[in-house]
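Take the sequences, apply the hints, and build the full model.
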Amino acid sequence: MSDHAPRPRLARDLYVTQLRIRRFEETVARLFAQGRLPGFVHLSIGQEAVAAGACAALRDDDVITSTHRGHGHCIAKGGHLGRMMAELFGGRDGYCAGLGGSMHIADLERGILGANGIVGAGIPIATGAAYAFQAQGTGRVALAFFGDGAVNEGAFHEGLNLAALWHLPVVYVCEDNGYAELTATDLHTAGPGVAARAVAYGMHAEEVDGTDALAVHDAVARAVECCRAKEGPALVVAHAPRWHGHFEGDPQRYRPMGELEEARRRDPVGRLGHRLLAEGWADESWLTSVTAEVEAEIAAAVAFAERSLPLELEAMLHLAGAEASW
Amino acid sequence: MSDHAPRPRLARDLYVTQLRIRRFEETVARLFAQGRLPGFVHLSIGQEAVAAGACAALRDDDVITSTHRGHGHCIAKGGHLGRMMAELFGGRDGYCAGLGGSMHIADLERGILGANGIVGAGIPIATGAAYAFQAQGTGRVALAFFGDGAVNEGAFHEGLNLAALWHLPVVYVCEDNGYAELTATDLHTAGPGVAARAVAYGMHAEEVDGTDALAVHDAVARAVECCRAKEGPALVVAHAPRWHGHFEGDPQRYRPMGELEEARRRDPVGRLGHRLLAEGWADESWLTSVTAEVEAEIAAAVAFAERSLPLELEAMLHLAGAEASW
Amino acid sequence: MVTELRYWQAVNRALAEEMERDPRVVLVGEDVGTPGGAFGATRGLRERFGPDRVRDTPISELGIVGLGVGAALAGLRPVVEVMFNDFLTLALDQLANQAAKLRFMTGGRARVPLVVRTLVGAGKGTGPQHGQSLEAWLGHVPGLLVAMPATPADAYHLLRAAIRCDDPVVVLESLRQWNLRGQIADEEPLEVGRAAVRRPGADLTLVSVGGALPRAERACELAAGEGIDVELIDLRWLWPLDWACVESSLRKTGRLVVVHDAVGFLGPGAELAARAAERVALAAPVVRVAPPRTPVPFAPSLEERYFPGAERIVAACRKVMGRSDG
Amino acid sequence: MVTELRYWQAVNRALAEEMERDPRVVLVGEDVGTPGGAFGATRGLRERFGPDRVRDTPISELGIVGLGVGAALAGLRPVVEVMFNDFLTLALDQLANQAAKLRFMTGGRARVPLVVRTLVGAGKGTGPQHGQSLEAWLGHVPGLLVAMPATPADAYHLLRAAIRCDDPVVVLESLRQWNLRGQIADEEPLEVGRAAVRRPGADLTLVSVGGALPRAERACELAAGEGIDVELIDLRWLWPLDWACVESSLRKTGRLVVVHDAVGFLGPGAELAARAAERVALAAPVVRVAPPRTPVPFAPSLEERYFPGAERIVAACRKVMGRSDG
Ligand SMILES: Cc1ncc(C[n+]2csc(CCOP(=O)(O)OP(=O)(O)O)c2C)c(N)n1
Ligand SMILES: Cc1ncc(C[n+]2csc(CCOP(=O)(O)OP(=O)(O)O)c2C)c(N)n1
Ligand SMILES: [Mg+2]
Ligand SMILES: [Mg+2]
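As given, the protein sequences belong to chains E, D, C and X, one line each in that order. Each residue of the first sequence is one higher than the one before, starting from 1 at the first, in the working numbering. Each residue of the second sequence is one higher than the one before, starting from 1001 at the first, in the working numbering. Each residue of the third sequence is one higher than the one before, starting from 2001 at the first, in the working numbering. Each residue of the fourth sequence is one higher than the one before, starting from 3001 at the first, in the working numbering.
To be clear, the hints were calculated from the coordinates, so they are not data collected in a lab. Because the structure is a prediction, the values reported are computed rather than measured. Hints are not guaranteed to be accurate.
Distance condition first, Cα-Cα at most 30 Å in a straight line; then the derived DSSO-like pairs of lysine-lysine [unchecked claim]: (1) C/Lys-2319 - C/Lys-2252; (2) X/Lys-3319 - X/Lys-3252; (3) X/Lys-3319 - C/Lys-2252; (4) X/Lys-3319 - X/Lys-3124; (5) C/Lys-2319 - C/Lys-2124; (6) C/Lys-2319 - X/Lys-3252.
Calculated Cβ distances over 12 Å to all of chain X for the following chain C residues [claimed, not checked]: (7) Thr-2003; (8) Gly-2044; (9) Asp-2093; (10) Gly-2139; (11) Glu-2187; (12) Ala-2202; (13) Gly-2225; (14) Lys-2252; (15) Arg-2293; (16) Pro-2300; (17) Gly-2309; (18) Met-2321.
One side of the interface only, derived from the structure: several residues of chain D facing chain X at Cβ under 8 Å [what the hints assert, rightly or not]: (19) Gly-1098; (20) Leu-1108; (21) Asn-1152; (22) Glu-1153; (23) Gly-1202; (24) Trp-1243; (25) Leu-1317; (26) His-1318.
Each residue gets a CB set at the ideal place from its N, CA and C atoms; glycine is no exception.
Below is the structure:
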């Protein structure tokens, strides 16, 4: 996707991306509730605009690192829904051949350097990719997604200091959904906030409504521009509440009354849909048809995943380069 | 030492402390050059005012954590010169029975929780002691010494965030001597500086001339006051160049011309001596007599250390609680 | 008195009782406070003992383990929760270089009564970064004790013993056993480093490490059906190692099988097999049953084959008995 | 051609040649740039290859290893220096959870051609936090390769092989050998995972791990003087393990002694002893020669007894030969 698309087309693209994330994850929630998906699953419903807006500001050859809550990032960067879904099922046609699961989905061809089960770990990795891009002189940019909780890991600090010191072309996107697992942000992050921390490393920082995909896009596009102009790094904090639990199955008893209702009122998908209609950028029939297309795509992804068998152990050892070591 | 001492007495005390550090380390340098001390030795000559000023602002029951460059901190907090010197020799009468060496000297009775061979590691430890003091409600304060290089470790970030979040009674004293090993500060620390980082965690921060023991004392005393008033934590950056190499034996080829001469012009010991005379807080004969006293004390410390034999291996296993595991 | 509790409830009860008994015991960790732990182990404790003694922390594994070290030096007896043992990778400096070494490094003067509780996720579909069993790393560090409770009763007793220990203990709790019910007797003696003979037998000794116990028990039943009488030892502590227990069993049986969920190469079985071969005249070579040398796969069918199951253990028993189908 | 170089010069030459050969090879680490490394290993390389390819970093072990992972994913072949292997404790998440697992976690798609060079300080008076030998930790991590060059020639050849390897390799360099001179032949094949028979012998196999080699060689001479003909194997790689080499020697000698500077409990010798006992009919139990289970003591006389010396190795040889004075 290009950051030079005219506004209406950009808005429509962002809508489609968000809808694909939303429907993909709703489907995952349902499959998980039916006991058909193993392991942990973390959903980003309510936060789709961050993934969609940020990735729309990147070139195809730019790269991202993602998190345990990474389906949206992967979809927005062009990940294949069927291979993602197959991975969640543990099938051999999944992105990781079923060896990684939700928290490790990666697609190097599309610049998705990987979701991550370790909070904050993607930050130095994106920083390193940016170092490579700088050394290679290719003008590519790396973008690290991470949550509000991740900013208290040493990895955040060490990564940002390195990037600022070396003026690396990396954009840090902090998705503030108000919680680290079950603990509210004000219980884990001291001081005036994440943007202020970035400023203390001497980098540009901006805050944005993370339920407004266009606003996220614009903020990240400015940050990317900075990087391409060799004035990086930059940080964007996008605030967007999550609707689901920390993981599927989390009863969310720790959330205050009314918070979820309030969150749903800020629905990033519905909101952009209204805007499309209000601005005359799309009409109802367009909305209906993209919805149908997305639903068909998801159904195909599930069908693909359902057909995918798990690897055999011997094949796993082979992929790992470990045949000889059993 | 009390922070309510009248100014002249405080200044004299600070002078004596600095002189004890200076002479101790000059002696160590000489012994090292003679090949009589094993391992690595890092000296703080030129930075004595930081240790002296900071510790003079503490109560006896307050605690400090120190660094690989920790002799000054230990002496200023009341450490026993003979047991320190014996440790450098590896003798059984050393603070660590010869098991630790220079980088691990500790004296729990005097609130010296330990020098440390791992850059930055004392920061979370001091933070933890402050947590204990808060939970115990004793009004005690913890103080962490660390260098300008340590601020780029994750431990700095994680420790400061925790302390700020919980309003812990801990004072962070960053000794900026311009280098992390052989690398100058501007090559390792991005942004406007360490004080700005502290502010980004929401804590008080102050910068001070680290060759002026009274100024250091006053800044740290304010920080300690903050902590005792439950308004901690606080950070003080003290700038003071080191005169010796990173470790003894370092030829310092990386230092620009004139830097060392400039550093020596800021001699914290000489400077305070002049002030004592100028203000009429002491006279020449006092200076002469304390110098003689300090020299006698150091000579005694060396003699004590020279008499101290190393432990036997069996005794070492016993101290470590490891007899059975050999 | 005997009570029936689930594994996690046993942890919860041990914590509550120790906090009741000793006001110095405090809990810190991600989500341990208001939410009562990501998996419920600290439920109700913040309400009962107050926020000074039960604190939610940021996601800062190095920082909170370091905080525990400092708090322990300053007179508390902290119990730090690190959610999964895979995340100890972030905290090993404080655990291995500080907590474990302080007693030794200070010539026996400092003690660090710190407990780190952490989960082994193995076998619950948690994948490569949440499913490791890293006890061999911990056991290799002089100065650390390593407890691996495999039953609800041990989850209770071993944790209590750990909290009363004056040296640092890592307690590796088993997520696989989390909801298992078991009988818990009050009066059990609180000893560190005692293995348990779970089943007497004459033909061979099977040593089970941590969460492998139920599979080892099942294997004993299957083996009995084939006429092999297995003596089953639950190691319970990797250090101190109850070698006396293992050796006395070996002197009877002359045959050893070891099973664990850690990777085989340099895993706990290596040390047990080496010792057995060094110290006992065995009737047959030791057989180790462990995962292959790869990370933990996500797909359930692979994970099932990755971790040693009862069938593989029985096959090892046959082999060590010299049966051709082993 | 054959050249004589010191160990550290051999490292320097390997780096220079690999950087010359492959423009993707870059060096990052504390002090590696302008100062040429704390111990000289990177001297002249920044001048020769420029600041994009040789970068001084902040003191951020986790950050720089993570930077290496990201740079490797983005097409570089980074060589990251972590000064002492004791400091790997800070970087293990990036090393063990990211670099080592990415190939597996992505179903074989991602490769991480990262080299981490780090020093083993053992035996140089560096004390408990700079003197550890942590190769057993690294060897226990599937996906990592572990090289331990003990001679100048191997410092050269193993590092070159490591840099050409497509999977992550940790090279543990020996400070004890740092100034040792040795002959270096150009034409040696670059293989990973090959042990070297340093001395043929008929009576027993002595396997030496890393820096213990000169003491093992001395022990061979002493043993020869007593009529014991030792075959000496220098393991060179802990993983891949050249078991074939060890086993073929054992089939000849039937006796095994292992020596290393890592702690014995769960150390490399445990795996070797276990394998030997499992797979070969030995004439005598294996003897492991290793330090006691304590941290490394500082005092020279203790350190001398702590690390296995030639005398202890010879005693082990006598013991495995069944001589009563073993
Ligand atoms: C190093 C590490 N510590 C702890 C965890 C457990 N954990 C998983 S997600 C999470 C919360 C992350 O919070 P945040 O960064 O805000 O992301 P969010 O889940 O809100 O998207 C925690 C603590 C982990 N996976 N990795
Ligand atoms: C974790 C860690 N990384 C690297 C080192 C090696 N090292 C010892 S001192 C030092 C520089 C520390 O710089 P600074 O904090 O400014 O203290 P200074 O030496 O200037 O007093 C380094 C990198 C170490 N001891 N620990
Ligand atoms: Mg969050
Ligand atoms: Mg410095």
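Legend entry - Beyond 12 Å from every chain X Cβ - status for C/Gly-2309: 19 Å, holds
Legend entry - Minimum Cβ distance from C/Gly-2225 to chain X greater than 12 Å, as the annotation requires: 26 Å, holds
Legend entry - Pair hint C/Lys-2319 and X/Lys-3252, alpha-carbon separation not exceeding 30 Å: 25 Å, holds
Inset, instruction - With 12 Å as the threshold, tell me whether C/Gly-2044 passes as away from chain X on beta-carbon distances. - result: For C/Gly-2044, whose nearest Cβ neighbour in chain X is about 32 Å away, the distance exceeds 12 Å, so it holds.
Legend entry - No chain X beta carbon within 12 Å of C/Asp-2093's: 4 Å, violated
Legend entry - Interface-negative label, C/Thr-2003 against chain X, beta-carbon threshold 12 Å: The assertion about C/Thr-2003 holds, with a minimum of 36 Å to chain X.
Inset, instruction - Over 12 Å to the closest beta carbon of chain X is the bar; see if C/Ala-2202 clears it. - result: 22 Å, holds
Inset, instruction - Below or equal to 30 Å on CA atoms is what counts here, so check C/Lys-2319 against C/Lys-2124. - result: 29 Å, holds
Inset, instruction - Would you check whether the claim that C/Met-2321 is not at the interface survives, using Cβ distances to chain X and the 12 Å cut-off? - result: 15 Å, holds
Legend entry - Supplied contact hint for D/Trp-1243, tested at 8 Å Cβ to chain X: Since the shortest Cβ distance to chain X is 18 Å, the answer is violated.
Inset, instruction - For the hint on D/Gly-1098, just tell me whether its beta-carbon gets within less than 8 Å of chain X. - result: It holds, given that the least Cβ distance between D/Gly-1098 and chain X is near 4 Å, below 8 Å.
Legend entry - Given hint D/Gly-1202 near chain X, where the shortest CB pair must fall under 8 Å: Since the shortest Cβ distance to chain X is 23 Å, the answer is violated.
The earlier numbered hints that this structure contradicts are 9, 10, 15, 20, 23, 24 and 26.
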